[in-house]
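Each chain is listed here by its residues.
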Amino acid sequence: MERGLIVFDHVKDAFKAEKVLKASGFQIELTIPPKDMVKGCDLAISFNLNERLAVERALMWNGVQYSNIIDVVKFSTKPLDVVKKVDYGDTIMFRCGAMKITIDKMNGIILNISGGGCPDVPYLFLQLVGKKIFEAKNPTTIGYSLCAYSLGKAFEEALKFYENSCRWNSSS
Amino acid sequence: MKTLVVGTVPVEKFPYYLGTPSFDGKNLVLDQKILPVGMGTLSLYSATYLTIAHLKGESPTLMTVGDIGKADGSRILYQKLIEEIEELKPNILTLHYVMPIITLARTLGLKLQKMSSKPIVVADAGFMYAFKASKMGHVCNIFTPDAGEMAFLVDKDAVHPAYIERHLFEIDSANVELLIEKVKNVEGLPKMLVIKGAIDYIVLEGKTLFKIDYPMVPYLEPIGGTGDTLTGILTGLIAHGLPLEKAAFYACKINRIAGQLSNPTPRTRVNEIILNIPKAIDLVLKI
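In order, the protein sequences belong to chains A and B.
In this text, residue positions in the first sequence follow numbering that gives the first Met the number 0: the first is 0, and each later residue adds one.
In this text, residue positions in the second sequence follow numbering that gives the first Met the number 0: the first is 0, and each later residue adds one.
Don't read these hints as lab results, they were simulated from the structure.
Be aware that one or more of the hints could be misleading.
Just a few of them, taken from the derived set where beta-carbon distance is under 10 Å, the chain A residues facing chain B [stated by the list, open to error]:
1. LYS11
2. GLY39
3. ASP103
4. VAL128
5. ILE141
6. SER149
Here are the simulated BS3-like cross-link-like pairs (lysine-lysine), alpha carbons at most 25 Å apart as the crow flies [said to hold, decoys possible]:
7. LYS32(B) x LYS1(B)
8. LYS136(A) x LYS12(B)
9. LYS83(A) x LYS155(B)
10. LYS104(A) x LYS136(A)
11. LYS77(A) x LYS34(A)
12. LYS34(A) x LYS155(B)
13. LYS136(A) x LYS69(B)
14. LYS1(B) x LYS88(B)
15. LYS34(A) x LYS69(B)
16. LYS134(B) x LYS34(A)
17. LYS77(A) x LYS130(A)
18. LYS183(B) x LYS34(A)
19. LYS15(A) x LYS69(B)
20. LYS38(A) x LYS155(B)
21. LYS34(A) x LYS110(B)
22. LYS79(B) x LYS38(A)
23. LYS88(B) x LYS130(A)
24. LYS77(A) x LYS181(B)
25. LYS83(A) x LYS210(B)
26. LYS69(B) x LYS18(A)
27. LYS38(A) x LYS110(B)
28. LYS83(A) x LYS181(B)
29. LYS155(B) x LYS77(A)
30. LYS25(B) x LYS130(A)
31. LYS12(B) x LYS15(A)
32. LYS69(B) x LYS77(A)
33. LYS134(B) x LYS77(A)
34. LYS113(B) x LYS38(A)
35. LYS25(B) x LYS38(A)
36. LYS12(B) x LYS38(A)
37. LYS113(B) x LYS134(B)
38. LYS38(A) x LYS134(B)
39. LYS34(A) x LYS181(B)
40. LYS83(A) x LYS130(A)
Because the structure is a prediction, the values reported are computed rather than measured.
Glycine is no exception: its CB is placed at the ideal position from the N, C-alpha and C atoms.
Kindly generate the complete structure, drawing on both the sequences and the hints.
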């Protein structure tokens, strides 16, 4: 199956496109742009090239900006989505790549965010720390960078952990 | 020594600033605009400021601008540095939060390389990512990665820590020494790495000079900004005239002790730790 690649000027647009295309039922994957197009903090989306017109239409209807669609690209690297955790007793830290988020196990409050190097990391710290994880916005909806993407993965695991522990507590 | 700290602040449209802010222990005041010290460039700058002030040196200069991730402010910082670094002539240049932009980092790297009296360059956060991705890290004297970022440095094709090979991520904090072994073969990195973590490593040309694990303060890792304070203290000690190896060793010790003095938990905020830096300097340097 031939794959196409959507390239963006901003990571934020890739986040938006991912949401739109997934909601429309397309089989897509986040990936790195080709080497000669990499700027430093970028994200691209691969899709089934046979669906190009439908993909373009979905992006247009939803006002998603992109810089280019490449017809045939070999690609293999997708961003890291493995999350590690460190248990500190009443608190727990989740880490994806260089990004870490720590929550209170009892009430789900986001206690700290650390790591990373893109300029939205301190911004996400200000937006999220102190909020309950089940009420807070996913970092990918308010961030702009690959650090926000990694933090989003750690955030999702932390949210899953908190929801599972709530379910376990209410059933026991 | 003239010290210049460069990095963005997380305030949208905050204007470009070059100067020496005043610091009241909680906030930095830049041209009458108050910015609370949280994680990021402001914690790094505050740590540098307090270290230098305690050692009675010349206050560091801050070059900053607002950027919440849109890269607008970051572009201004790259541009200002490229245009003005020769005129500013810092002895020490510490580079921090910025959007990694490979082409601009390469231009900045080439500019630094050509300077007749090149400053000592310490790069952390986004500037470290940008120099590594553009293979210009050798223009820096020190990178200050954590374990996850070490895996990024080792992965020679990765342009961002979000793209590291899965097996390197599996290794990272569990076996930093293996990553140190692997990093020897990567070109375009500085000679010295100060690796922050449960154990701090100071590595020079692939060889581990120091392993610092005392005092052990396990709660420092989740606290946003504790890596920034380490780089800030390191900058201050270099400005005091310590050789890079010694400055790195003492910075790791001082950062741990400042953390320990705060009785930290994962709930602790970095500004509580920053205030203990002068006392930690006294304890470590026996002033």
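So, going through the hints one by one against the coordinates:
The closest approach between the C-beta of LYS11(A) and any C-beta of chain B is roughly 8 Å, which is under the 10 Å cut-off, so the hint is satisfied. For GLY39(A), the interface hint holds, since its Cβ comes within 10 Å of a Cβ in chain B; the closest pair sits about 4 Å apart. Among the interface hints, the one on ASP103(A) holds; its C-beta lies about 8 Å from the nearest C-beta in chain B, closer than the 10 Å criterion. Interface restraint check: VAL128(A) against chain B, minimum CB-CB distance 7 Å, threshold 10 Å, status holds.
Interface restraint check for ILE141(A): the shortest CB-CB distance to chain B comes to about 9 Å, inside 10 Å, so the restraint holds. Checking SER149(A) against chain B: minimum C-beta separation of about 5 Å stays under 10 Å; hint holds. For a cut-off of 25 Å, the pair hint linking LYS32(B) to LYS1(B) stands: about 24 Å separates their Cα positions. The suggested pairing of LYS136(A) with LYS12(B) holds, with an alpha-carbon distance near 22 Å, which does not exceed 25 Å.
Using a Cα cut-off of 25 Å, the hinted pair LYS83(A) and LYS155(B) holds, with the two alpha carbons roughly 23 Å apart. The hinted pair formed by LYS104(A) and LYS136(A) meets the criterion: a straight-line CA distance of about 18 Å does not exceed 25 Å. The suggested pairing of LYS77(A) with LYS34(A) holds, with an alpha-carbon distance near 13 Å, which does not exceed 25 Å. For a cut-off of 25 Å, the pair hint linking LYS34(A) to LYS155(B) stands: about 13 Å separates their Cα positions.
The suggested pairing of LYS136(A) with LYS69(B) holds, with an alpha-carbon distance near 18 Å, which does not exceed 25 Å. About 8 Å separates the Cα atoms of LYS1(B) and LYS88(B), which keeps this hinted pair within 25 Å; it holds. Between LYS34(A) and LYS69(B), the direct Cα distance comes to roughly 22 Å. Compliance with the 25 Å bound is thereby established for this hinted pair. A threshold of 25 Å between alpha carbons decides the hint, and for LYS134(B) with LYS34(A) the separation of about 14 Å falls inside it, so the pair holds.
Distance restraint check for LYS77(A) and LYS130(A): the Cα-Cα separation of roughly 30 Å exceeds the 25 Å cut-off, and the hinted pair is therefore not satisfied. Between LYS183(B) and LYS34(A), the direct Cα distance comes to roughly 24 Å. Compliance with the 25 Å bound is thereby established for this hinted pair. Proposed proximity of LYS15(A) and LYS69(B) is supported: the alpha carbons are some 15 Å apart, at most 25 Å. A hinted pair counts as satisfied when its Cα atoms are at most 25 Å apart, and LYS38(A) with LYS155(B) qualifies at roughly 16 Å.
The straight-line distance between the Cα atoms of LYS34(A) and LYS110(B) is roughly 24 Å, inside the 25 Å bound, and the hint therefore holds. Taking the CA atoms of LYS79(B) and LYS38(A), the gap is about 19 Å. The hint holds against a cut of 25 Å. Between LYS88(B) and LYS130(A) the CA atoms are separated by roughly 43 Å; this puts the pair beyond 25 Å, and the hint is violated. Taken as a hint, the LYS77(A) and LYS181(B) pair is honoured in the structure, with Cα atoms around 22 Å apart against an allowance of 25 Å.
About 24 Å separates the Cα atoms of LYS83(A) and LYS210(B), which keeps this hinted pair within 25 Å; it holds. For a cut-off of 25 Å, the pair hint linking LYS69(B) to LYS18(A) stands: about 19 Å separates their Cα positions. Restraint check for LYS38(A) and LYS110(B): satisfied, since their Cα atoms lie roughly 19 Å apart, inside the 25 Å limit. For the suggested pair LYS83(A) and LYS181(B), the alpha carbons sit about 22 Å apart, so the restraint of at most 25 Å is met.
The suggested pairing of LYS155(B) with LYS77(A) holds, with an alpha-carbon distance near 16 Å, which does not exceed 25 Å. Between the alpha carbons of LYS25(B) and LYS130(A) the distance comes to roughly 22 Å, so the proposed pair stays at or under 25 Å and holds. At roughly 23 Å between alpha-carbon atoms, LYS12(B) and LYS15(A) fall within 25 Å of each other, so this suggested pair holds. Straight-line distance between C-alpha atoms of LYS69(B) and LYS77(A) comes to about 22 Å, which keeps the hinted pair within the 25 Å bound.
Under the criterion of a C-alpha separation no larger than 25 Å, the hint pairing LYS134(B) with LYS77(A) is consistent with the structure, at around 21 Å. With a C-alpha separation of about 24 Å, the suggested pairing of LYS113(B) with LYS38(A) holds against the 25 Å cut-off. Restraint check for LYS25(B) and LYS38(A): not satisfied, since their Cα atoms lie roughly 36 Å apart, outside the 25 Å limit. For the proposed pair LYS12(B) and LYS38(A), the alpha carbon gap of about 23 Å is at most 25 Å, so the pair holds.
For a cut-off of 25 Å, the pair hint linking LYS113(B) to LYS134(B) stands: about 16 Å separates their Cα positions. The hinted pair formed by LYS38(A) and LYS134(B) meets the criterion: a straight-line CA distance of about 13 Å does not exceed 25 Å. Simply put, LYS34(A) and LYS181(B) have alpha-carbon atoms about 23 Å apart, close enough for the 25 Å limit, and the pair holds. Simply put, LYS83(A) and LYS130(A) have alpha-carbon atoms about 22 Å apart, close enough for the 25 Å limit, and the pair holds.
Hint compliance for this structure: hints 17, 23 and 35 are not met, and every other hint is.
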